[in-house]
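S.K.: If you count the sequence shown from 1, position 113 lands on 717 in the working numbering, and the numbers rise without skipping.
In case anyone wonders, no lab produced these hints; they're calculated from the structure. Errors might be hidden in some of the hints.
[Said to hold, decoys possible] Restraint-style ranges between C-beta atoms, simulated for each label pair: (1) S687 - D644: 30 to 40 Å; (2) I684 - D644: 29 to 39 Å; (3) A685 - A606: 30 to 40 Å; (4) A685 - D644: 38 to 48 Å; (5) M605 - M688: 27 to 37 Å; (6) V677 - E630: 18 to 28 Å; (7) E642 - C678: 20 to 30 Å; (8) D619 - L682: 30 to 40 Å; (9) D644 - P689: 33 to 43 Å; (10) E622 - A679: 18 to 28 Å; (11) H623 - I684: 19 to 29 Å; (12) E699 - T620: 33 to 43 Å; (13) D626 - S672: 11 to 21 Å.
The beta carbon of each residue, even a glycine, is placed where N, CA and C say it ideally should be.
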Amino acid sequence: MAVRAVRGATQLEEDTREHMLDRVAELVTDVMEANHLEVDDFISIIFTATSDLTSEFPAYAARQLGFSDVPLVCARELEIAGSMPRVVRLMAHVETDLPRSEITHAYLHGAANLRRDLARTTSHD
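Using the sequences and the hints given, assemble the complete structure.
M.R.: Encoded structure:
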């Protein structure tokens with residue numbers, strides 16, 4: 605087993621608690637499915653959110669998915685002029701047999717535009 609980092613992001617349409625929990629749960633689930641991961645494979649997850657998202661902690665969605673023993677932290681994304689609004693990003697550290705070249709990063713909804721350079725980016729519209 606190797607330790608790998610998996611990245612992902614999703615864009616919300618509105619800043620509501622239910623929408624935040626749905627979109628973040630979708631993102632975490634997509635990362636898990638795309639990389640054949642179980643909760644026990646996760647070492648930690650760092651979530652960031654843009655400053656226009658204040659309705660809920662993104663990590664709470666992961667807790668609801670069973671990440672009770674995985675260290676999770678939320679932080680504020682840098683405020684850069686012209687950056688995409690209403691975005692939650694994650695960086696998960698996982699144990700996996702996948703080589704780095706086979707890790708699938710998940711960029712969902714409008715956040716797919718953040719990483720057009722990734723050939724295997726998952727996109728949900």
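S.K.: With reference to the structure, classify each hint as holding or not holding.
M.R.: Against the structure, the hints:
1. S687 - D644: 30 to 40 Å: Cβ of S687 to Cβ of D644: about 34 Å, so the range 30 to 40 Å holds.
2. I684 - D644: 29 to 39 Å: holds (36 Å)
3. A685 - A606: 30 to 40 Å: holds (38 Å)
4. A685 - D644: 38 to 48 Å: At roughly 41 Å between Cβ atoms, D644 and A685 fall inside 38 to 48 Å, so the hint holds.
5. M605 - M688: 27 to 37 Å: holds (34 Å)
6. V677 - E630: 18 to 28 Å: Check passed, 20 Å falls within 18 to 28 Å.
7. E642 - C678: 20 to 30 Å: holds (23 Å)
8. D619 - L682: 30 to 40 Å: violated (18 Å)
9. D644 - P689: 33 to 43 Å: holds (35 Å)
10. E622 - A679: 18 to 28 Å: The hint (18 to 28 Å, Cβ to Cβ) holds, given that E622 and A679 are roughly 22 Å apart.
11. H623 - I684: 19 to 29 Å: holds (23 Å)
12. E699 - T620: 33 to 43 Å: Taking Cβ atoms as reference, E699 and T620 lie about 34 Å apart, which means the hint holds.
13. D626 - S672: 11 to 21 Å: Roughly 20 Å apart at Cβ, these two residues keep to the hinted range, so it holds.
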